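J.: Construct all of the structure, not just a fragment, from the sequences and the given hints.
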Amino acid sequence: MTLARILAATTAMVFAATAAHAESIRIGASLPITGGLSVSGEKHKRGYELCTKLINEAGGILGRQVDLIVSDNRSDPATAINQYERFINVDKVDAVYGTFSSRLTFPVAAILSKYNMVHAVPSGGALRIYEQGYRNLFYFQVSAAEYTGKDVTAVIHDLIPAGEGPKSAAIVSADDFFANAIAAGLLGEKVKDPATDKEIADLAPGYLANAGIKVVMQEKWPEEGFNDWLNLANSIKRSGAEMVVGLTASAEEAVQLTRALKTVGATPKLVYLSQGAQNEFIEGVGKDAADGVMIHTTWHKDVPFESTLAGKPFSNGDFVKAFTAAYGVEPDEDSAIPFAVCQGIEQAITGAGSTDNAKMAEWLHARTKDAPVQTVLGRFNWDERGLAQNKSHIMTQWQGGNLKFVYPKGEFEGVVPFSYPKAGF
Amino acid sequence: MAEILQILILGLALGGVIALMGSGLSLVFGVMRIVNLAHPSLIIAGAYITYWAFKLLGVDPIVMLPVASVIMAAIGVLLYRLMLERQTKSAKYSEMTVLLTFALAMVVEGALGGLFTNTQRIVSPDYATDAFFIGDLFIPKGQLYAGIVSLTIIVGLTLFLKYSRLGYAIRATTQNREAAELLGVNVNFISVLAFAIGIGLAGAAGSLVSFVFSFFPAKHGEWIAMLMSVVVLGGMGSILGTVVAALFLSVIAAFVGAWIGATWSTLTFFVALFLILLVRPQGLFGEKPEMA
Chain H
1 MTLARILAAT
11 TAMVFAATAA
21 HAESIRIGAS
31 LPITGGLSVS
41 GEKHKRGYEL
51 CTKLINEAGG
61 ILGRQVDLIV
71 SDNRSDPATA
81 INQYERFINV
91 DKVDAVYGTF
101 SSRLTFPVAA
111 ILSKYNMVHA
121 VPSGGALRIY
131 EQGYRNLFYF
141 QVSAAEYTGK
151 DVTAVIHDLI
161 PAGEGPKSAA
171 IVSADDFFAN
181 AIAAGLLGEK
191 VKDPATDKEI
201 ADLAPGYLAN
211 AGIKVVMQEK
221 WPEEGFNDWL
231 NLANSIKRSG
241 AEMVVGLTAS
251 AEEAVQLTRA
261 LKTVGATPKL
271 VYLSQGAQNE
281 FIEGVGKDAA
291 DGVMIHTTWH
301 KDVPFESTLA
311 GKPFSNGDFV
321 KAFTAAYGVE
331 PDEDSAIPFA
341 VCQGIEQAIT
351 GAGSTDNAKM
361 AEWLHARTKD
371 APVQTVLGRF
381 NWDERGLAQN
391 KSHIMTQWQG
401 GNLKFVYPKG
411 EFEGVVPFSY
421 PKAGF
Chain B
1 MAEILQILIL
11 GLALGGVIAL
21 MGSGLSLVFG
31 VMRIVNLAHP
41 SLIIAGAYIT
51 YWAFKLLGVD
61 PIVMLPVASV
71 IMAAIGVLLY
81 RLMLERQTKS
91 AKYSEMTVLL
101 TFALAMVVEG
111 ALGGLFTNTQ
121 RIVSPDYATD
131 AFFIGDLFIP
141 KGQLYAGIVS
151 LTIIVGLTLF
161 LKYSRLGYAI
171 RATTQNREAA
181 ELLGVNVNFI
191 SVLAFAIGIG
201 LAGAAGSLVS
211 FVFSFFPAKH
221 GEWIAMLMSV
231 VVLGGMGSIL
241 GTVVAALFLS
251 VIAAFVGAWI
261 GATWSTLTFF
271 VALFLILLVR
281 PQGLFGEKPE
291 MA
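Residue numbers (the numbering used here), protein chains in the order written: chain H, 1 to 425; chain B, 1 to 292.
Calculated directly from the structure, the hints in this document are not laboratory data.
Here the structure is a predicted model, which is why all the values come from computation and not from measurement.
Each residue gets a CB set at the ideal place from its N, CA and C atoms; glycine is no exception.
Misleading hints may appear alongside valid ones.
[As the list claims (entries may be wrong)] Here are some chain H residues pointing at chain B (derived, C-beta under 8 Å):
1) THR34
2) VAL39
3) LYS220
4) GLU224
5) ASP228
T.: Next comes the structure, spelled out in structure tokens:
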């Protein structure tokens, strides 16, 4: 009799556990936790995990807890593809979060489109990703990387007195999806679909030409294994360029390039980097070398974005506070962006009333300027390709060891005057 | 002319550091026929020791170098005893070591990631981003100091191998393991010693690398191919060959980077590896396996 009771109780517990598991919402994310993209991959993981934890603490989504499954794709596109296939076909996830970098997002986009999964992209700005005809993409940053130069040259035009801006530029970049995309916009190149060679966009004459800045040097370094930073910095110095445009694919490259420019004694008036808003940048290059370096970002800790989480108001300040409490360090945009992706998926499931990805996509596409998805990166609504509308970059600048935001003026409180020209390294 | 001299200086400065990174790898192969694919990940472990000593205690990386070397050498003894010693009788010893050390590299990467996160690090003593300016030329202090220390260690190691009794035993084991054993050399002890020295060199290289390159646990994947190119070109097992190859390839890469394009500079190492395997598989100094 006792044995029968134990068996019955055990069976009931197993059923209860299974039922609870079945009721949870399963979300998969393949991230580069190891390999060349691991620095940002690890931070993305933290953003996803914190958001999921806070949602669960607030009661979950539609009353269901969220199970987050994170897999390490080792910065390898083939592994990322396999992991999303596994999430969908084996783990039977209800939704997915996107991966980090254009290099990984481009192949993953085809898989997630095939299964009609909502593809919320945290980091994958190359225009060609959004010109494949997929209708399940939602990019949680400002715009395609090709258009970044617009905000860079806007700073020069609007914040530097006429006639005092840089007249010449050296563009050095990683031979990488993301960096090449920004370079294409600055230089006015044609963007082509790599599969069909079809022209996607003609960006001529380019943002630099429009700003009257002559390109006096252009150089690329390989995606991995490059060590000869001093030689590269020496070439930049010898070019005499007044502006250095460093299109790095990672914060690590931004540190190496800036340190090398300091070592060789380069004296450009303006330095713009595509990465370098992270905490590791200031630690790696030091206050003096960082001073005056301009970086575009999607997020800044002091911007008073208002959003919602689990149906309740949740400000950018709340995010910074929660992140700092959880991890002992302040977040940077590599954690804020995936946090926003998680918020977007949560709002899509709530808005659609289910985890039906077709309904979620329909709800996300129906967002407008006045009825957007609200995240710690601000408000989002998208065009049919999945590119955010009505948004511009936050242009930041290191000043006195702190990352300040200098542009756009008048949109937020806390914008500080732009420091120009750069006083050496 | 100034431009050529400048590129030459930068190439040699980089080559000095790469020489030390590769010399431990070469020594371990020369003595024990271990192709240690974990060598770069152990360099990164040495860099982390140096980083935290600098961050927490303000210890200069060059001062920390002997400490990092001893710690890593001790880890080397442990790794050899636990992992490699039992494979010495295997008929496919070298092949086995490739697999084992590849697995070790993954474990070290995971362990470092777990301990220190995957955040990039770099040590920043004042000299790391400073230079001596002589007219139009500059000599980067960080690379110069690293290169001088690196070559000093290599010269010291060479003298040790050439003139000390243990050095004789290591060289004898390198040339013919069985004959050395017949002559009374305790090859097991010599193997442990050589492996410890090799990993100690990884620790030393880690201290120097810590302020020259930024690093994170996964960075070793980028370094192994470059180091293998240097070691194969020099002749596996030849420390002198490794130094010559590191300096030669770094200078060529610097000229390629400056005159043809940075994209191609890294390729220099792989083209050299391809050509040497095709034309002279034993490497530049492969016919004379004795040290220096």
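J.: Compare the structure with each hint and give your call.
T.: So, going through the hints one by one against the coordinates:
1. THR34: holds (5 Å)
2. VAL39: holds (5 Å)
3. LYS220: holds (5 Å)
4. GLU224: holds (5 Å)
5. ASP228: At 5 Å from the nearest chain B Cβ, H:ASP228 passes the 8 Å test, so the hint holds.
No hint from the list above goes unmet by this structure.
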